[in-house]
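Quick note, the sequences are listed as chains A and B, same order. Residue numbers for the first sequence, in our numbering: 112 to 552. Residue numbers for the second sequence, in our numbering: 112 to 552.
Heads up, a few of these hints could be off.
Identical chains share a label here; the pair holds if one copy fits it or two copies do between them.
Stated by the list, open to error - Quick list of in silico lysine-lysine cross-link-like pairs, DSS-like style, CA-CA up to 25 Å:
(1) Lys488 to Lys142
(2) Lys265 to Lys131
(3) Lys425 to Lys488
(4) Lys265 to Lys197
(5) Lys265 to Lys121
Calculated from the structure, these hints are not laboratory results. Computed from a predicted model, the values in this text were never measured in an experiment.
There are 2 protein chains.
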Amino acid sequence: MARTFIGDLKEHVGETVTIKGWVSVRRDQGKLVFFDVRDLSGTVQAVVLPKSDAIETAKDIRVEYVVAIQGIVNERPEQNRNLKVKNGDIELKIESIEIIAPAQPLPFDMSADGFNLDLTTELDHRALTLRHPRLQAIFRVQAVIIDAFREFMKSQRFFEFQAPAIAPATAEGGAEVFEISYFDKKAYLTQSPQLYKQIVMTAFERVFSVNKVFRAEPSATTRHLTEIVSLDAEMGFIDSWEDVRDMSEETVRYILQQVGEKCAAELEFLGATLPTMIEKTPTLSLAEALEKLGAPDDKDLNPEQERRLCEIVKEETGSDFVYVYGYPTQQKPFYVYPNPTQPEYNEGMDLLCRGVEWLSGGRRINDYRQLLEHVEKWNMDPNKISMFLEAFRYGVPPEGGFAFGAERMTMQILELKNIREASMFPRDMHRIDHSLSEGES
Amino acid sequence: MARTFIGDLKEHVGETVTIKGWVSVRRDQGKLVFFDVRDLSGTVQAVVLPKSDAIETAKDIRVEYVVAIQGIVNERPEQNRNLKVKNGDIELKIESIEIIAPAQPLPFDMSADGFNLDLTTELDHRALTLRHPRLQAIFRVQAVIIDAFREFMKSQRFFEFQAPAIAPATAEGGAEVFEISYFDKKAYLTQSPQLYKQIVMTAFERVFSVNKVFRAEPSATTRHLTEIVSLDAEMGFIDSWEDVRDMSEETVRYILQQVGEKCAAELEFLGATLPTMIEKTPTLSLAEALEKLGAPDDKDLNPEQERRLCEIVKEETGSDFVYVYGYPTQQKPFYVYPNPTQPEYNEGMDLLCRGVEWLSGGRRINDYRQLLEHVEKWNMDPNKISMFLEAFRYGVPPEGGFAFGAERMTMQILELKNIREASMFPRDMHRIDHSLSEGES
Chain A
112 MARTFIGDLK
122 EHVGETVTIK
132 GWVSVRRDQG
142 KLVFFDVRDL
152 SGTVQAVVLP
162 KSDAIETAKD
172 IRVEYVVAIQ
182 GIVNERPEQN
192 RNLKVKNGDI
202 ELKIESIEII
212 APAQPLPFDM
222 SADGFNLDLT
232 TELDHRALTL
242 RHPRLQAIFR
252 VQAVIIDAFR
262 EFMKSQRFFE
272 FQAPAIAPAT
282 AEGGAEVFEI
292 SYFDKKAYLT
302 QSPQLYKQIV
312 MTAFERVFSV
322 NKVFRAEPSA
332 TTRHLTEIVS
342 LDAEMGFIDS
352 WEDVRDMSEE
362 TVRYILQQVG
372 EKCAAELEFL
382 GATLPTMIEK
392 TPTLSLAEAL
402 EKLGAPDDKD
412 LNPEQERRLC
422 EIVKEETGSD
432 FVYVYGYPTQ
442 QKPFYVYPNP
452 TQPEYNEGMD
462 LLCRGVEWLS
472 GGRRINDYRQ
482 LLEHVEKWNM
492 DPNKISMFLE
502 AFRYGVPPEG
512 GFAFGAERMT
522 MQILELKNIR
532 EASMFPRDMH
542 RIDHSLSEGE
552 S
Chain B
112 MARTFIGDLK
122 EHVGETVTIK
132 GWVSVRRDQG
142 KLVFFDVRDL
152 SGTVQAVVLP
162 KSDAIETAKD
172 IRVEYVVAIQ
182 GIVNERPEQN
192 RNLKVKNGDI
202 ELKIESIEII
212 APAQPLPFDM
222 SADGFNLDLT
232 TELDHRALTL
242 RHPRLQAIFR
252 VQAVIIDAFR
262 EFMKSQRFFE
272 FQAPAIAPAT
282 AEGGAEVFEI
292 SYFDKKAYLT
302 QSPQLYKQIV
312 MTAFERVFSV
322 NKVFRAEPSA
332 TTRHLTEIVS
342 LDAEMGFIDS
352 WEDVRDMSEE
362 TVRYILQQVG
372 EKCAAELEFL
382 GATLPTMIEK
392 TPTLSLAEAL
402 EKLGAPDDKD
412 LNPEQERRLC
422 EIVKEETGSD
432 FVYVYGYPTQ
442 QKPFYVYPNP
452 TQPEYNEGMD
462 LLCRGVEWLS
472 GGRRINDYRQ
482 LLEHVEKWNM
492 DPNKISMFLE
502 AFRYGVPPEG
512 GFAFGAERMT
522 MQILELKNIR
532 EASMFPRDMH
542 RIDHSLSEGE
552 S
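With the hints as extra help, turn the sequences into a complete structure.
Spelled out as structure tokens, the structure:
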């Protein structure tokens with residue numbers, strides 16, 4: 112009998128169907144045996160009646176067994192309905208049950224409510240804990256975030272390209288870069304697709320990418336990973352940096368809307384509330400922001416000030432989001448566009464929400480000579496970015512872009528405590544799949 | 112005046128519009144000056160009449176200048192129409208023209224027809240050559256291939272996950288792996304997401320990923336890159352390996368259909384013809400294939416035999432595609448499922464087209480004990496794949512999957528001669544952006 116997906120069972124009330132899936136829960140109530148069975152599309156409660164032919168097989172079945180069940184889809188009696196969960200109003204009366212694959216006893220409680228591992232144990236057993244509804248919910252939300260980014264970009268005529276992960280020996284500076292043995296030479300893992308996306312923008316005008324970036328920061332905080340998924344966009348023919356702000360705002364708005372629409376059950380399960388984005392997100396220059404914070408002489412926002420600023424803006428406008436622009440030019444990378452009338456401040460911007468940065472971007476320099484001047488001022492070797500510079504020799508319109516990390520966005524939307532919860536296979540200085548033991552090399 | 116995208120001009124015949132874009136071509140014909148102007152959406156011919164106010168500015172404008180043009184959209188007279196190209200039946204009569212950004216003189220001919228660089232020069236100048244219609248066409252087709260893969264997977268309820276690029280020090284073997292300095296330890300770049308996609312399959316049942324993989328093969332052939340985009344799928348609850356074949360076949364069919372539909376102009380420009388996929392792609396066991404080739408005692412297909420087999424199948428059935436399955440078990444990785452009645456042959460498969468492999472996959476072992484037996488037979492250390500093995504301790508249904516490289520698929524669909532043409536920023540043993548000079552390290 113052809114398989115019916117569990118998520119489609121409601122269309123088959125009164126019919127006999129076959130489902131296939133994993134046993135999430137086994138409950139024995141008197142002579143009745145209940146199973147919660149899940150497949151990729153959902154979960155359903157299935158019941159074996161005492162006199163059923165299936166009762167003998169049912170006795171052997173434990174949690175995480177893989178089974179095929181034939182049964183009748185029934186509506187539950189009024190008093191047994193749970194309208195909070197999908198399929199909470201139906202139940203499968205089991206006629207026969209087949210064990211497709213057994214499971215060993217679980218090393219810990221994997222039930223929806225009983226699951227209560229410290230993060231280290233959860234990560235050590237990611238191959239198993241990925242089956243838990245909490246982790247399933249987190250990564251389903253993450254997939255929607257990434258997909259919504261792509262969808263919105265494409266709706267705005269952005270072209271998706273594949274940014275490289277391996278960078279030349281000389282392109283990236285700083286200690287926070289991973290070095291690769293590249294045959295008899297050395298190469299590095301990209302920290303950002305920034306220069307590549309600007310190059311591709313000069314040919315395709317509006318571009319985006321979903322690609323890995325790598326940071327060798329020796330920090331084991333709740334916010335650091337060594338490998339992250341970077342969502343990047345870059346667009347030509349802007350009139351001002353505000354065009355970039357607007358595009359990034361509408362991108363985030365679309366992502367939130369999609370998560371709200373497609374992941375209502377996941378948000379409910381995780382107890383997460385989407386932040387409020389009002390019609391026009393408040394936008395402050397750094398000077399205005401510092402003024403508000405009573406620290407007009409500061410040069411940047413510290414984490415405490417970011418938190419406080421978000422609180423103030425929320426109180427004043429109801430917005431959980433706030434843009435801050437106009438940072439000191441010298442603090443930012445060479446390609447950021449300086450304000451023409453106040454060149455000591457630039458047209459870079461950050462989007463803050465709930466006290467932390469969600470996204471950053473801004474206008475970039477598009478004029479070749481101005482770029483060369485900055486390269487010199489920033490003490491960079493132009494030969495080390497010659498492919499990038501070549502792109503700007505040949506007609507580049509005013510342009511800008513933005514970027515954010517998929518894990519960071521997932522963490523913030525879901526109010527998770529540790530970014531490792533938002534990466535399926537998190538890598539940090541102490542862990543790649545498992546803990547890196549001291550002796551290993 | 113608000114910008115109109117060039118691709119939308121046909122909706123504005125008779126109206127005055129403003130376009131913004133790059134000058135692809137400048138033609139002086141007597142007192143008339145013609146420009147081909149392109150933006151992200153298309154190209155249009157624009158003309159400056161001799162008495163126009165724009166004629167003075169037009170004199171300064173050269174190829175790759177960025178311009179804003181105000182003008183009237185006119186239908187071309189019958190005899191000047193070129194119905195083979197988009198916008199070939201309209202023309203923009205320029206009223207005013209503004210130079211947004213100048214361009215330096217080009218180092219070589221970038222016109223659609225005049226472009227004729229050897230590949231090395233083309234790659235050395237990728238920042239500029241990406242603007243050429245040939246390269247634009249290739250990467251637009253590639254974006255459609257990748258997108259079509261995702262679309263089809265999602266339509267079949269597959270879940271997209273992000274496979275890691277950094278692998279533990281001990282997980283991968285062989286000399287063809289790149290080593291990373293990972294703080295005070297060592298790590299490696301993943302050669303394939305194989306084990307990760309199988310893990311995620313045990314939790315999400317049907318999964319796919321679009322991720323980078325890395326091969327340190329010291330080969331500088333026309334078919335080797337060190338960094339490629341791998342398109343991977345894995346599915347549980349198969350009845351047999353044929354379910355995997357069918358899913359991969361429908362995936363390729365959908366990709367070809369999407370490329371045909373969305374990239375007709377690109378295929379025409381590149382002179383490429385899509386291969387023919389008949390209703391049911393011929394499927395041969397390796398033994399049957401060798402029989403057909405008159406080499407019944409061989410143990411595998413060599414490249415010449417692959418070419419010949421495709422020719423024979425094409426002649427016999429009209430199909431450009433052929434599946435070959437049932438390779439000797441010991442020649443393939445430990446996780447490939449052996450045929451239960453003939454365990455010396457496995458249920459792995461390759462999809463060949465036009466003489467080469469396009470895709471490979473097959474059924475995998477889902478039984479934990481059988482997997483452990485294979486680990487032992489293959490002389491592998493189970494501790495080095497402990498996360499993978501853990502996933503299989505707990506109820507895994509019969510499963511399989513497939514994978515293909517985006518660059519290889521692009522190259523084959525477009526009949527390109529060198530895979531470097533199908534990678535925007537190709538990396539090989541001699542090149543990362545630019546040639547790696549001998550002294551560099």
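inquiry  = Under the constraints set out in the numbered hints, which ones does this structure not fulfil?
reply    = Hint check: 1 and 3 fail, others pass.
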